[in-house]
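> Let the hints inform the model, and build the full structure from the sequences given.
Residue numbers (my numbering), protein chains in the order written: chain A, 1 to 869; chain B, 1001 to 1124.
Each hint should be verified, as a subset may be incorrect.
DSSO-like cross-link-like pairs, simulated, lysine-lysine; straight-line CA separation at most 27 Å [what the hints assert, rightly or not]:
| id | chain 1 | residue 1 | chain 2 | residue 2 |
| --- | --- | --- | --- | --- |
| 1 | A | 632 | A | 726 |
| 2 | B | 1003 | B | 1040 |
| 3 | A | 486 | B | 1057 |
| 4 | A | 491 | A | 576 |
| 5 | B | 1003 | A | 486 |
| 6 | A | 491 | A | 713 |
| 7 | A | 486 | A | 590 |
| 8 | A | 571 | A | 623 |
| 9 | A | 491 | A | 836 |
| 10 | A | 713 | A | 590 |
| 11 | A | 486 | B | 1040 |
| 12 | A | 491 | B | 1040 |
| 13 | A | 751 | A | 836 |
| 14 | A | 506 | A | 866 |
| 15 | A | 35 | B | 1003 |
Hints listed in this document are in silico derivations from the structure and should not be mistaken for laboratory results.
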Amino acid sequence: MSPLLAQFIAESRDQLEMTSAGLLAIENNPEDLDKLNEIFRAVHTIKGSSGLFEIRPVTILVHAAEDLLDTLRSQELRLDRRMIDLLLDAFDQVNQWLDVLERTETLPDEFETTARTLSAPLRAFLGNRPSEEAAPAIAAPTFADLDWLGQLLEDDRAILYARLAGTGARLTLFRYTPDAQCFFSGEDPFHLVRQAPGLELLAIGPTEPWPPLTEMDAYQCLLCFEGVASGPFAELATLFRYVPDQIILLETPPEVLIVPTGRHDADADYTGFVAEARSLVDQEDWDGLRGIVDALLEHSEPEAWIASALRWLRRLLDQSAADMTLRPLLEAMHTQQGPDWLAILRASAEEAGGPTAAEFHASTAPRALTVVEHKAFQHIIAEQSRILEMPVAPEAWTGRLLSICAVIGNSLRYAGHDQLLEELEELRETARETRDSGLLRGLLAQLAEAEEDDRAENTPAAATAQKTKPTEEPAGGEKQAIKTLKIDQHKVDRLMDLIGELVVAKNSLPYLAQRAERVYGNRDLAREIKEQYGVINRIAQDLQSAIMQVRMMPVGHVFQRFPRLVRDLSKKLDKKIQLIVTGEETEADKNIIEGLADPLIHILRNSIDHGIEPPEERLLLGKPEDGSIRVKAYQDNDSVAIEITDDGRGIDVAAVRDKAARRGLVSAEQAETMSDHDAIQLIFAPGLSTTEQVSDISGRGVGMDVVRTSIEKVGGTVTLHSQPGKGTDLRLTLPLSMAVTHVMAVELDNKPLGVPMDLVVETVRLPPSAIYSIKHREAFMLRDQLVPLARLRRLLNMSEPVASDAALAILVVRVHGENVGIVVDDFREGMEVILKPMEGVLGSLRQYAGTALLGDGSVMLVINLKELI
Amino acid sequence: MKKILVIDDAATVRMYYRQVLEAEGFAVEEAGNGYEGLEKALTEAFDLYIVDINMPKMDGYTLLRTIRQEPTICATPAIMISTEGQIQDANAAYAAGANLYFNKPVRPESLITTARLLTGEHRA
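Rendered as C-alpha cells:
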C-alpha cells in the first residue's frame, strides 16, 4: 500500500474515533460549541484528504456530514438525538470502508449508492441548501490512455489533422462499448455510431479476444467502437445519452491525432538527433530542422516507429506548426513513447477551461515555459494585480508589497525574464517609500499584455535580484505547544531491541574486569572497569525504563469505546444504565492495553445483557431505576488493576452448577458440594455459557473462558466475585509491561534454560529416596502435600543422567492452577531478560516461549511450561 | 535547494505535498496548525508557505496576517489551499496575505509548477 493511503487510513480512523466520542459528549451538552468545532474540523480534515484518492463513497458521505455539522456550528440548526444517531451511523460506515480500503486499496463503485442513501437523511436536515457536491457527482468516465488512436491509419489521421490544425476546431474522441446483450433490446450499435455528427474516423474491434468460431455466441455483441468525430461535443453527448455507462467521450484539440506508430527498434538511440532538433527549434531554424528530419527519414525503414514520428515532424513543419506541438513530439522521440497527449491535456486542463487548440499553437509563450507553466505564470501575475487592488490593513501594507514583489521576481526569473528584475526592484523601492503601488501595477499590466516583446531578447541578465529573504533569527517567542510525536511501533521495537543488545554488551564488562585482574594482574584497572560498569549500567537501566515509558499508554484508550457501547446496547435492550469510568489515565504497555480491549468489551456486554435488570424489575426489587456499571483502573504495585462492578442480579450459582454438571465439566456430586465461590469460577471453564439462548449481545459463542485466556496471554489474572441480587465484581490484574520478563535460569546438560519466574513457587533439593512412584507417575511430599513430579530431561526428550545418590534439584512451579515439581540438573540465578519469540521455522515449537540474550553473549532458551506439562 | 513550509492539520495532505514536492527537489517542512507554523516560520527561513485555512489553535487567515506583519518573514510568498470552493474564499485568502489560492485537491503538476514559479526554482 502506498504510504500516503496508509497515512490517510490511520489519520481518518483517529479523526473518526475523536468524532464519535465528541458526538456523545455534545449529546449531553449541546451548547458546547468548542466541541462542535472540533468535530467539524475532524470531519473536514477527512473530507479534504479523501479528495486525494479515488474514494468517492467516503467523500460523498463525509461531505454530507460536514455540511450538516457546519450548519449546526453556525447555529442555523439545533442538534438533536436523531442527527447524532445518523451521524454516528455515517461514521461507522466510513470506518468500515476504511477497513475495506486497507484490505483492497480501493472501494467498489456500488458503495456510492450506500453513500448517497446514508447522505440523504443528513442532507434532509439542510432543507434546500444546495449540495455543492451535486454537480460533479456523476464523474464522467474517461480514457485511461489514447494509445488506441494509433490503430487508426496514419494517413487518415494526417489528412484530418491537416484540415483542422490551426483552425481552433476541436475533436471529440469516443469509445462505445455496447452491452453484450444489446441485440435483444432492439439496439443497433453500428447504426447509432454512424449517426455521430461529423464522424471522421472509426475503428471497430473486439472487446476481448474472441473465442474460437465454434464456441462463439453469435447473438452477443462483443464489439467496441472507437472513433473521432468533428461535430459539436454537445450533439455527440446527446446522441449517446441513453447509453451513459457504455460511452466515453472526450473533447480534445486535434493534436491528439499525432501518434507515431510502427515497429520499435530497441537498439536505436536518437538522443543525438533529438538534441540537435531541440536546438534548431530553439533557434527557430525550421529549414535546418527540415533538413535533418529528411536525412534521418531517408535512412529509416518506413514501417519503423521512428519513421512514423519523423513523418509527423515533417508534416508539422510543412504546416508551420508552432514549437508547442513540435516539442512534445521531440520528447516522445527521445523516449520512443507517446506523446502522452492525455497527460499534457490533463495538465493544461488544470487551469480554468484548459487550453484551446489555438493555445496549443500559441507562440507567445516565452521560450523556457511549457503551456502549463505559461498559463500558471499568467495566472500568478493576474492574481498579484488583483491583490494589489484590494484594500489592506496599514500594518500589513509593506508585507503584502514585498511578498507580491518576491512572487513576481521569482516568476520572472523562472520564466527567463531576468532583464526585468532590476526594474521590478526599483519599482518596489519606490512603492515602499511612497506607499503607492501604482507604478508596480503598471508593470504588471504590461507583463500581462505584452509578453511577446519581452520574449525577443533572451540574453542572460547580469542583474541578480536581491533576495528579500530574511536571514536573521528572530527572538524566540513564547513556546507553549505540547509536542507530541506519532511513531511507527516498529521503530520503538527496534529501539527496544537495541537497548537489549546494549544491556548484553554492558554485561561483558565484569568479565573484562575479571580478566584484567586474573590474566594481566592489574587490580587497579579491574576496579576502574568496574566503576565504569556501574555508570554504564545505570544509564542502560534509565534508558530501558525510558523506552518502556514510550510504550506505555493510558488505559483510557480502550475505555473510549465504552460510552458508545453502553449507550447503544442499553437503548437496544430498553435498560437504563449509568457508566462510571475512573482512572483512565492509568498507564500500561501498549500491547497489554490492546490485548485488553476485546475481553473488557465482552465483560461489559455481559453486564449489560445479563447483569443489569430491566428498569421495572429493578424498581420492584427496590433498586434505583438506573443500573450502574463502574469501570475503575488503578496501579497496584507492579501491576495494573481494572475492576468492573455492576449492581445487577449477579451470577445465578445454581444455574452454573447445573450447567457444569450437565456439560460434564464436573461430576454432579462435585457440583453439589463445591462452595459458591468455587462454583462461580466454573463460568471460566471452556464451553459454559449460562444463558440458554444465544443472544445478539453477549452470546457470540465465546464465553468467559475466552476472556480469561486473552488476559492470561498478556500475563494477567482474572478474579470474579458475585453476590446474588447485588451484582458482580470482576477484577483484572495485568503486568505493567511485557517487554521485560523475569526468568529463573536452571541448568540442563550444562546449559542454562529459562523458566518464567511468575510460575515458580519455590526450589527444593530432595534425595532420590524421597520420590514416590505411583503407578507410572512420580510424586513427592512437600509440607504434607503430595506434589506430582516431572523430569525436564524426559519432557524435552533428553537422555537421563546416570543414577546417583546426589540430591535432586526440584523446581516447584504452578501450572494450570496446580503445583508440579520439575527435576532439573541444577538451579542458577533469577534474571531479567528481553524475551524474543521464536520465529520462522522454529515458530511452531510451542514448547519454547522464546529466546533471550545473556550477558556473556550466549543465547538462552526459555521454556513454555504450560505447553510442556 | 528551495525550502517550503507546509501548514495543514491533515497529516495525509502534508504527506502528499511532501511526496510531490520532494520528488522535484524541494525541501519540505511540516506544521500541523497555524501556531506551529508560525513558530517554524519564525525560527527558520523558507522560500514558500503552503497554508490550509481551517486548522486548530490558529487558522490559516490569522497565520498569514501575522506573517505579513512580521518584518523578517513578511516577504515570503504564500499559497493558500483549502477545500472551500467559493470565490469569496479566494478573496478572503488574498485579504489575509496569500499570493495565490487553490482548491483542494491540487494536482501534482499544478503544485509543482506553482512552487517552481513562486520560488524561482529552475529545473535541474
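> Hint by hint, note whether the structure agrees.
Outcome of the hint check:
1. Distance hint between residue 632(A) and residue 726(A) is fulfilled; the C-alpha atoms sit about 18 Å from each other, no more than 27 Å.
2. Proximity of residue 1003(B) to residue 1040(B) is assessed by CA-CA distance (about 12 Å); at most 27 Å being required, the pair is judged to hold.
3. Restraint check for residue 486(A) and residue 1057(B): satisfied, since their Cα atoms lie roughly 19 Å apart, inside the 27 Å limit.
4. Between residue 491(A) and residue 576(A) the alpha-carbon distance is near 45 Å, which puts this suggested pair outside the 27 Å criterion.
5. Using a Cα cut-off of 27 Å, the hinted pair residue 1003(B) and residue 486(A) holds, with the two alpha carbons roughly 24 Å apart.
6. Using a Cα cut-off of 27 Å, the hinted pair residue 491(A) and residue 713(A) holds, with the two alpha carbons roughly 24 Å apart.
7. At most 27 Å may separate the alpha-carbon atoms for a hinted pair to count; residue 486(A) and residue 590(A) meet this at roughly 14 Å.
8. Only pairs whose Cα atoms come within 27 Å are accepted, and residue 571(A) paired with residue 623(A) is accepted, the gap being roughly 20 Å.
9. Taken as a hint, the residue 491(A) and residue 836(A) pair is honoured in the structure, with Cα atoms around 16 Å apart against an allowance of 27 Å.
10. At roughly 14 Å between alpha-carbon atoms, residue 713(A) and residue 590(A) fall within 27 Å of each other, so this suggested pair holds.
11. Using a Cα cut-off of 27 Å, the hinted pair residue 486(A) and residue 1040(B) holds, with the two alpha carbons roughly 19 Å apart.
12. With a C-alpha separation of about 26 Å, the suggested pair residue 491(A) and residue 1040(B) falls inside the 27 Å cut-off, and the hint holds.
13. At most 27 Å may separate the alpha-carbon atoms for a hinted pair to count; residue 751(A) and residue 836(A) meet this at roughly 18 Å.
14. Our distance criterion of 27 Å between C-alpha atoms is broken by residue 506(A) and residue 866(A), whose separation comes to about 33 Å.
15. Pair hint residue 35(A) plus residue 1003(B) does not hold up; C-alpha atoms about 35 Å apart against a cutoff of 27 Å.
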